[in-house]
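Engineer: Each chain is listed here by its residues.
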Amino acid sequence: MKIAVCIKQVPEGDARLVIDADGISIADADLATEINESDQYALESGLRLAESQGGEVVVVCLGPDRAEEAIRRALAMGAGRAIHLNDPAFQGGDAAATARALAAAIERENVDLVLTGLQSDDAGWAQTGPILAARLGWPSATLIMEIEPEGDTIKVKRELEAGWFQWVRLPLPALLTIQSGISTVRYATLKGIMGAKKKEIAKVTPADIGLAPDEVGGAGRKTRTTRLYVPEKTTGAEIIEGDTATAVATLVEKLQKEAKVL
Amino acid sequence: MAFKGVDYLDLDSELTSEERMTRDTVRRFVDEQVMEIIEEAYLEGRFPVELIPGLGELGVLGANLPEEYGCAGMNNVAYGLIMQELERGDSGLRSFVSVQGALVMYPIFTFGSEEQKRRWLPAMASGEAIGCFGLTEADFGSNPGGMATRAERDGDGWVLNGSKMWITNGSMAHVAVVWAQTPDGIRGFLVERGTDGFDTVEMHGKHSLRASDTSELVFNDVRLPGDAILPGSDGLKSPLMCLTQARYGIAWGAVGSAMACYEEALRYTTERVQFDRPIAGFQLMQQKLVEILDRVTLGQLLAYRVGRLKDAGKLKHTHVSLAKRHNVMMAREVASTARWALGANGIHSEYQVMRHMCNLETVFTYEGTHDIHTLIIGNDITGLNAFT
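Sequence order for the protein chains is A and B. Mapping the first sequence onto my numbering, position 61 (from 1) lands on 61, and the numbers just tick up by one. With positions in the second sequence counted from 1, the corresponding number in my numbering is that position plus 1000.
Simulated from the structure, these hints should not be mistaken for lab results. For clarity, every value in this text was computed on a predicted model and none was experimentally measured.
List of simulated lysine to any residue pairs, SDA-like, C-alpha gap at most 25 Å: (1) A/K191 with B/Y1069; (2) A/K199 with B/T1016; (3) A/K191 with B/F1003; (4) B/K1237 with B/T1388.
Take the sequences, apply the hints, and build the full model.
Structural biologist: Encoded structure:
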C-alpha cells in the first residue's frame, strides 16, 4: 500500500505570535514551529498501515524552506521519502489553492491512500483534505478514529457528535482526514534522525507538477483574509451588586432595555 | 506541562536540525515517561528500571558510538544535548546513561577485542544488557592509581581480588568493567554477573542521587578467563580516558538540571502571590531569577563550545575539567537559589528543586571532585603539580 501523508508546519501551540506588518499573517521571524498535531496522527496512522500491510509512506508538504525541518522530523519518524512543494508562488494560498497544488503532486505518485490531519492548528479551516479529495476525484471521509484495510476497500470509524461513531467503507484510492489523539505518536528515534539525513526530499515547483504560478498560492486563492487580530479588550464591564433575587431582576432589565437581547 | 527549555541567547540557531530533533525527542521522552514517576522513585530510593527499554529503543545508550555496533552514531553536541535533557529529568537517570555509554560501552569499544564489542555493544545499546564501571575503592577515590584491587595471572586466565565502592548500576549490571593492578600495571577486565566469587551489595542511606543504583562490588578469588581482559587497556590513563567521556556528558547534564530549576523558579514566582502581587515582581526575586538565568546561559555556552571542540577533535581533558568544574558548581548554586525562591514549597517533593539540589552534591563530588578538577587545570596553566 502506497500512502501519501500531507503535513503542515505550524507555529508551536504556545508560541508567542506576532501579527505581521501586512495585518493578515503571523510574523515568521523567530517563530517556533512543529508538525501540525492532527498531521502527526495522520503520519502515525500511515506508518502503522505501511508496517502492517507493507508499502511505503511518502510525506507531502507545502511550505517555505523552514518547513524542511518538519519534513525531516517526519522522515526521522519513519516516512520513506518526501515531496516538498517549495516555491514562492506556492506561498499565501488558502485551502483551495493548497489542495490544488497537493493534488497535482499526489496525482503523479500513484498512491492508494492519502491521509491528512483533520485541520491545521493555525488556520483551522479543515478544508484542505476534502478539497484535495475532490480535486483527485476520490471518495473521502473525515474525523477518522480507526482504519481497517479490506483488500481494495477500506473500513473507517468516524467520530460523530455526542459520543456517536459511524463505520464507513470506501473504495481505494481514497482520502481520510485523521482526528488527533487516536493513537500514540511514536518518537523519532536517534537512529531514525540519523537515517533521515540520507532520505530523499524532492523539491517541487508549480512547473514541475504542471501548474501555472497563478493557479497556486496567493494568486490561486478563492478566499481572502482581510484582517487578523487578537481579541480586543473592551472596558465597561459592570458588576451587579445585591442579593441574588435583586441582581437577577437587575440583569434581566438591563438585557431587555440596554442590551436589547431579550 | 511540557518543558520549553531555556535559550536566552538563541543558541538553538547554532544547532543543526538533527541536533535540535535529538534534543526534542529526548525532551519529549522525559516529559512523558520520566516526570510523572521520578519524584516517587527518588523518595523510594530506587532506579526506575522500567525506563530502560524505552531508553534503548530511543537510542540514547552509547548514542555517540558507531552504527555498526547497534548505536546511533550521533555527534558529540547531540550526545551532550541528550545528557542535558536526561538530567533535566534527574541526575540519577543521566548517571545511568553516562555509565552505560561513556564508562562501559566506550571502554569496550576503545579497548575491547572485536569479539567483546560484538557480544556486548549491541545488547547494551538496546538496554538488554546493563554495565557498571568499577574504578573507585573505599580508600582510593581521588587517587585511583593507588587501588588495592589486584588481578594475578592464573594459567591462561586471571584471579581477581578486591572491592569497589560507589559503583553506579552495580547491583543491576550484567557485566562490570573492573580496573585492577596487574604485573603490567592497571588493566581493565570484563566481569560477568554470576561469576563465582563476584558479589554486589547495594548501598543504602544516601541523601542524594536516590533514584540511582549505587553499589559495592566484591571480588573474592574470582577466576576470569584470559579473554576477560580488555586487550587495549594500558595503565591508569585508560580509565581516565573513560572518565573524560563521562565528565563531558556531566558538563551538559548539569546544564539540564539548572534549566529545570530555572523553569520551576520562574513559574513558581510568577504564579505565587504575596502582598497582592506575584512575588516575581519584587526586586529581590528578580535578582535571584536573573542571577540564575545568567549562570545557566554561561553554562550552556561552555557546554556548546566544548561540544564543538570535541567534534572537531580538538578537545583536551583539561577543557573537560573546566566545563565539568564550572557547570556543576553553576548548577549547584542555581539549584540552591531556586530552592530559596520557592520558599517553604522548595523543600517539598511536589517541586523538583530540592531533588536537583541534593543530586548535584553527588555530581559535584563524583567523576573527579570539584577540587581535583581545580588542580588538573592549575597544573595545566602553571606547569606545577599541586596534587601531592
